[in-house]
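Generate coordinates for the entire structure from the input sequences, incorporating the hints supplied.
Single-letter residue listing:
Number of protein chains: 2
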Amino acid sequence: MPPTDRIRDHAGQGAPTVAAQRTRRRLRADRARQLADLLRRQVLTGGCPDGTLPHESALAAEFRVSRNTVRQALDLLRAEGLVERLPGVGTVVVAEKYPHGLDRLMGLAETLHEHGHVTNEVRTVGLIPGPALVTERLRVPPGADVVCIERLRRLNGLPLSLDLTYIPLDIGTALLGADLENTDVFRLLEAVTGRALGHAEITLEAVSADAHSAAVLQAPRGAAVLMLERLTHLCDGRPVDLEFIRFRGDRIAMSGRLHRSL
Amino acid sequence: MPPTDRIRDHAGQGAPTVAAQRTRRRLRADRARQLADLLRRQVLTGGCPDGTLPHESALAAEFRVSRNTVRQALDLLRAEGLVERLPGVGTVVVAEKYPHGLDRLMGLAETLHEHGHVTNEVRTVGLIPGPALVTERLRVPPGADVVCIERLRRLNGLPLSLDLTYIPLDIGTALLGADLENTDVFRLLEAVTGRALGHAEITLEAVSADAHSAAVLQAPRGAAVLMLERLTHLCDGRPVDLEFIRFRGDRIAMSGRLHRSL
Chain A
1 MPPTDRIRDH
11 AGQGAPTVAA
21 QRTRRRLRAD
31 RARQLADLLR
41 RQVLTGGCPD
51 GTLPHESALA
61 AEFRVSRNTV
71 RQALDLLRAE
81 GLVERLPGVG
91 TVVVAEKYPH
101 GLDRLMGLAE
111 TLHEHGHVTN
121 EVRTVGLIPG
131 PALVTERLRV
141 PPGADVVCIE
151 RLRRLNGLPL
161 SLDLTYIPLD
171 IGTALLGADL
181 ENTDVFRLLE
191 AVTGRALGHA
201 EITLEAVSAD
211 AHSAAVLQAP
221 RGAAVLMLER
231 LTHLCDGRPV
241 DLEFIRFRGD
251 RIAMSGRLHR
261 SL
Chain B
1 MPPTDRIRDH
11 AGQGAPTVAA
21 QRTRRRLRAD
31 RARQLADLLR
41 RQVLTGGCPD
51 GTLPHESALA
61 AEFRVSRNTV
71 RQALDLLRAE
81 GLVERLPGVG
91 TVVVAEKYPH
101 GLDRLMGLAE
111 TLHEHGHVTN
121 EVRTVGLIPG
131 PALVTERLRV
141 PPGADVVCIE
151 RLRRLNGLPL
161 SLDLTYIPLD
171 IGTALLGADL
181 ENTDVFRLLE
191 AVTGRALGHA
201 EITLEAVSAD
211 AHSAAVLQAP
221 RGAAVLMLER
231 LTHLCDGRPV
241 DLEFIRFRGD
251 RIAMSGRLHR
261 SL
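First to last, the sequence lines map onto chains A and B.
Going by this note's numbering, the residue at position 168 of the first sequence is 168; the numbering climbs one at a time, nothing skipped.
Going by this note's numbering, the residue at position 149 of the second sequence is 149; the numbering climbs one at a time, nothing skipped.
Honestly, I wouldn't trust all of these hints.
[What the hints assert, rightly or not] Quick list of simulated restraints, FRET-style, between CB atoms:
(1) A:Gly177 / B:Arg139: 48 to 56 angstroms
(2) A:Val94 / B:Gly101: 33 to 41 angstroms
(3) A:Gly47 / B:His259: 49 to 57 angstroms
(4) A:Thr17 / B:Gly143: 31 to 39 angstroms
(5) B:Thr17 / A:Gly88: 47 to 55 angstroms
Everything labelled a hint here was simulated from the structure, so no lab data went into it.
Computed from a predicted model, the values in this text were never measured in an experiment.
Ideal placement from N, C-alpha and C gives every residue a C-beta, glycine not left out.
Below, the structure is given as C-alpha cells:
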C-alpha cells in the first residue's frame with residue numbers, strides 16, 4: 001500500500017477534478033523531495049558502498065513510491081551536484097562535500113585534516129583604515145588601520161571558500177610576512193599572541209552567489225553559498241579576528257550537536 | 001588614500017594593460033563585496049536608525065571607496081532582498097530576517113517568540129511504513145510504521161520554513177490529534193512523553209530551492225535555502241524526531257557561539 005493511501009492530505013479534502021490533479025502532482029513532488037532528503041544523507045555519509053545508488057526499481061520498491069517519483073528525486077540530487085546518471089552504470093555519487101564541525105572553534109585546515117590538504121590563494125593582503133563597522137567590533141580606535149586578508153581556500157585543489165579577514169594592526173602586522181598560503185590564520189594568531197583562542201560569535205546564512213563571488217569560487221552564478229560571519233576572541237576575551245566566509249554550498253556541510261538545557 | 005593603494009594585490013604584480021584593466025574591475029568587485037558584507041550586518045541587526053542606509057556619497061566617504069563601488073555593493077544587498085532603492089528616499093531596509101539560535105535546542109515558536117506568532121500549515125500528516133533510512137536513525141524495527149508530518153511554517157503570516165518530521169509510532173500517534181497548527185512539535189513531544197528533550201545532532205547546508213520547494217515557500221526558483229537536518233533525542237538518549245527543514249535563506253540567520261576548547 002503506497003504511503004499516501006494512509007496519509008491525510010490537507011489540500012485534497014473534497015477537491016474537484018482539476019484540483020485533484022494538481023494535488024496528485026503536488027503529492028508526487030512532495031514525495032520526491034522527501035525521498036531526496038533521505039537519499040542525500042546516504043550519499044553524503046558514504047552510505048553507497050560502491051559509489052552508486054541502488055537501481056530505480058529497487059528504490060521504488062524500498063520507498064513504496066512510483067519510478068517517476070524516484071526519477072524526480074534523483075533529478076533533485078543531480079541538480080545539487082551530488083549525483084550523476086551514467087548510461088549503463090546507473091546513478092553514481094559525484095559529491096565532494098566535506099563535514100565542517102559546528103561544535104568547536106577550528107581553522108579550516110585543522111577541521112579538514114582527515115580529508116586532505118588545504119591551500120590558500122592570497123588574493124589581497126595589507127592595511128586599510130578600518131571602517132567603523134570593523135573597528136567597533138575589533139575594539140580598536142575609530143579609523144585605526146587594520147590588517148585585511150582575503151584568501152581563496154582550496155581542499156586538494158578544489159575551491160571551497162572565499163574568506164575575508166580583518167585583524168587589529170598590533171597583531172595582524174606579524175601575519176603579513178607569514179606563510180598564509182599553507183597555514184590557518186587561527187594558528188598564526190595563537191603563535192603571534194602566545195595565547196589560545198577563546199570563543200567566537202558566529203552567524204550562518206544561506207545566500208545566492210553574486211556573479212563575482214561565483215566566478216572566484218568557480219561555481220555557477222546564483223549557486224547556494226553558506227555564509228559564515230565569525231568574530232573570534234582570544235582566551236582573555238579580546239576580539240582579534242573578524243571574518244566573512246563564503247563556503248560553496250555543494251562542498252561543505254556543517255555538523256554539530258545542540259542541547260535542550262544550557 | 002584609498003585602501004587599495006596600501007594593499008598588495010597578488011594578481012596585479014607586473015600585469016600588462018589588459019590584465020591591469022581586468023585587475024581593476026576585479027578589485028572593484030572585491031571591494032563592493034567587502035562593503036556589502038559589512039553593511040549586511042548593519043542592516044540585519046537594526047543598525048540603520050530610521051530604516052534607511054546613509055546616502056551613497058556618505059558611504060563612499062566613510063568606506064573610502066568610489067560611488068560606483070557603493071552602488072555595486074548596494075546592488076548585491078538588493079539582489080539578496082535585504083534593501084530596496086526608493087527614488088527620493090534612498091536605500092531602505094526591507095529585510096525580514098530573523099535570528100535562530102544555534103546554541104540551544106529549541107522549537108521555532110520558542111526561538112522566535114520575541115518576533116511574532118508562528119503558525120503551521122499542516123500539509124501532510126499520517127503513518128507511513130518507515131524507510132530503512134528513517135527506522136535505523138529512530139531505532140525502531142525495519143519497516144515499522146512511523147508518523148510523518150509536513151508543515152509549512154510562517155512567522156506573522158510570512159513563509160519561513162518547510163519542515164518534514166518523522167516520529168516513532170508509539171510517541172507520534174498522540175500527535176495526530178494535537179494542535180499542530182499552533183504548537184511546536186518539540187513541546188508536544190515533551191508533553192506526550194513526560195520527558196524533556198536532551199540533545200540533537202544537526203547538519204546545516206546551503207542548497208538552491210528546487211522549483212517545487214520554492215513554490216511552497218513562495219520564494220524565487222533557485223533561491224538559497226538553509227537546509228537543517230536534525231535528529232532529536234529525549235533526555236534518556238532515545239531518538240524521537242528526525243527532521244528535514246528548509247529555511248528561506250532570506251528570512252533566517254543562525255547565530256551561536258563556538259569555543260576553542262571543549
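Evaluated hints:
| no. | hint | verdict |
| --- | --- | --- |
| 1 | A:Gly177 / B:Arg139: 48 to 56 angstroms | 54 angstroms, holds |
| 2 | A:Val94 / B:Gly101: 33 to 41 angstroms | 35 angstroms, holds |
| 3 | A:Gly47 / B:His259: 49 to 57 angstroms | 31 angstroms, violated |
| 4 | A:Thr17 / B:Gly143: 31 to 39 angstroms | 35 angstroms, holds |
| 5 | B:Thr17 / A:Gly88: 47 to 55 angstroms | 51 angstroms, holds |
The earlier numbered hint that this structure contradicts is number 3, and it is the only one.
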